[in-house]
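Two chains, two frames, some hints: make the complex.
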Amino acid sequence: MTSLQDIGRRLDELIAKPPAPADAAEFLSLGEETLEHWVKARGKVPTQDQREGFRLLALHRQGADKEPSFNACRETCRELVYHYNLLTLDPDHPETGQRAKMMGWVANHLYLFTSGKMENEQLGDFCCASKPLRENVDAKHNAQ
Amino acid sequence: MSEQKTKSKKEKYQEVAYYPGCALEGTGHAYNRSTKALGEELGLKLKEVDNWNCCGAMEVKNIDPKIQTYLSSRVMSIAANKMNMDVVMAPCNGCYHNLKKAEYDLENDDKSKEVVDRLSQKAGHETYQAGQVETIHALDWVKETIGEEGLKERVKNSLEGIKIANYYGCMYTRPRHIFPEKDAGPGTESTSKPHFMDDLLEAAGAENVDFPLKTACCGGAHTLSDSDTSTRLVSNILQTAEAAGAEVIATECPTCHSGLEMHQIRAEKTLGIKTNVKIIYFTQLLGMAMGLKPKKVGLHENVSDSFDFVKKKGLV
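From first to last, the protein sequence lines are chains S and B.
Mapping of the first sequence onto the working numbering: residues 1266 to 1409, in sequence order.
Mapping of the second sequence onto the working numbering: residues 1437 to 1752, in sequence order.
Just to be clear, a hint being listed does not mean it is correct.
Here are the simulated lysine-lysine pairs, DSS-like style, with alpha carbons at most 25 Å apart [unchecked claim]:
#, chain 1, residue 1, chain 2, residue 2
1, B, Lys-1710, S, Lys-1282
2, B, Lys-1729, B, Lys-1481
3, B, Lys-1445, B, Lys-1747
4, B, Lys-1502, S, Lys-1331
5, B, Lys-1588, B, Lys-1445
6, S, Lys-1331, B, Lys-1547
7, B, Lys-1729, B, Lys-1747
8, B, Lys-1547, B, Lys-1558
Now the stretches of chain S that chain B is said to cover, found in silico as 3 or more residues with beta-carbon under 8 Å [stated by the list, open to error]:
#, region
9, 1342-1354
10, 1367-1376
Hints are computed from structural coordinates only; laboratory data are not their basis.
Beta carbons are placed, not taken as given, at the ideal position from N, Cα and C, and that holds for glycine.
Chain B extracted, bound-state conformation (with noise of 0.2 Å):
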């Protein structure tokens, strides 16, 4: 462990204990096709959490916020105390959210604490202590491990060319005391205008618009229900895209990704309003940019058909 912590983050993050969540395994699949892919591409080892369970995500964190932290804090047990690992990397922002807060509610909340012991031990378990692993994002892995300049010399198929507007939504970045690594200087990531996902496409050669509704709500928790508000938020966010000059929306996010998916085509039915802008995951953006075939990077899963782009685009 003291050993790991002298390791620069570019040698910790080479292999990470991979927590894909429920989202990856059902809507989000495509996410998780192209960052095995993408990984693997890059020579980055995941080894996944043995016997993972749901992170608490809204369902039970609305009934009971610590049972929801004692569920994150079950996946970083298994992690820390069985597998050995030093970091987690959860490429789902609600999974990584809820990880980050369950890190910060058993450093700070001393009932969490007791809940959590109370429970692991009934479940035999050992107890997850506060900083025994690090939770990371998919974006903080290739960010720190391979890195822009490293993109740049692996790129086959350059994405010069394609207008990207960069949508990071609301659980990378929000609420800010739960990402104490964020705003801390220069190289970190920002929580007003995160800028991650922009420097990986950019070193893959894509051109990214200025986008001013990077974390805009999109209707949250009521964006995979039929709520009319979601709609009309997605549809600004996917008209202001393409106002921006737009071809596509890069996620980093499987709820965001669905939400903005479905509602582009509930807008057309229900307001009349039509877009063209195409959503892609940026481990796909990046995937096909290595070399990949669409396929190899889950293309053919997502709702939004963007084949032909990709093809017009010259990445097939």
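This is chain S alone, in the form it adopts within the complex (with noise of 0.2 Å):
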């Protein structure tokens, strides 16, 4: 499994390089291998499931079972998804370079929203969990 140290550093790469529509495939394997760390960090094992036809919506969909503030990334993986689509189904369209670039983009928001969120576990409470930030916090001084 690749870290999420060098899944960064690979996001960086791919993006200063001149868009290619041949990317799609790595981004969104690399979406996937975030998501996976996210699971694996919440004690469960990473699903092979897919939803509409994606392994990452079915990620995304175990990452935000019981944790709603992980759906703050939930729209950036059906971007990824939109554009894996969008490369794949019409790599020679006058776009395409253009969609390559976005799609390096939507990927790396991913990783950085995710990554955030494995130091800062309150990312994303503000609005789609509307959660009390104070829950866990009381949860670790009750339990003292």
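Printed below as a string of structure tokens:
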């Protein structure tokens, strides 16, 4: 399993080079690996299932189970899938270079959000969960 | 009330209770100024909620979400019972989100109703009952009253030649269950790909770029602190907007706006990443398109200096 740090490095390399539609599969795979880190950190085995034809979406759903704040990256995952479809179903489209470039930035956002949330679990609580941030802090305090 | 319910949105939203919220009196003052100026220019009436209070924002919600529900309900109670208004317009995503959440809680959670009733009695005002008012965002307000066609007719300085990435942030669409009017078929707002701001700015002549991070997380509650995570997330949003060809990021929330502006500066200092994209409220852009001067829409109150830009684009 690629470390989160190496996923970040590889994304930086891909974003820096001229965009290519052939990178679509790697961006999607890096997205899946990013989500695997999150799922594993929650003590679960990353699913091999697919949703709407994509493992990425199944992994996101698994990651957001009982963790509604993880829905903060739901649309980012769906944008990644959308760009994958654009690039693979119509690789000769005149906008293909731009689409590949955008897919790279979207994959990077998923990586930054997930890695950020691994360090700071409250990320996303503001909007998506409407869950009091103090909940976990209080639970820890009461357990002591 | 029954007469109000038979009115169309266009009629109902002509005069609304205006709930600016705390941010619009501080960091987001430019949004306050531009919303009022735009409303005046468009002939729409805003009646500020009497003696309004904080919606509960993050600070109260973190400690006791039911107190947040009460605080938001008090604003709606004043609008409904004291001002006899049917619609509350909140331009701030945080306020809009919290009023919507309170509405949902009061409709679905008995415990919330109990707490709100008890605190309302203690505070000496009528308890807000779910459904007494409709809470809308500034985007709904302009879209439903004036609409794209109305804007096209009123444009004095077209936004033609300005490439815009529309950033809606998170609280305008999440969590989906508190926004039952969205995703409700043609013409309604989408929670996965919101488009109301795109529609309005395009009507004023702007060119919207294909921007895939419209609702992406910017670090949320950490945006206004010095979180490195927020800086990295915001920097990625800014770089993506530039890579999409945008010269401007249009915003519709004071928290998003401040976060983007502040972390744009911080990203340059801490990450060495410089971006030049301008950050401007949609009400400022529409106001200037309607012929209002930049100062009238508070452009001088933004951190991100865009005077030269708007001058170059013929908006002055």
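Hint check results:
no.	hint	result
1	B/Lys-1710 <-> S/Lys-1282	holds, 19 Å
2	B/Lys-1729 <-> B/Lys-1481	holds, 20 Å
3	B/Lys-1445 <-> B/Lys-1747	violated, 36 Å
4	B/Lys-1502 <-> S/Lys-1331	holds, 21 Å
5	B/Lys-1588 <-> B/Lys-1445	holds, 20 Å
6	S/Lys-1331 <-> B/Lys-1547	holds, 22 Å
7	B/Lys-1729 <-> B/Lys-1747	holds, 11 Å
8	B/Lys-1547 <-> B/Lys-1558	holds, 17 Å
9	1342-1354	holds (count 4)
10	1367-1376	holds (count 5)
Comparing the model with each earlier hint shows a violation of hint 3 alone; every other hint is respected.
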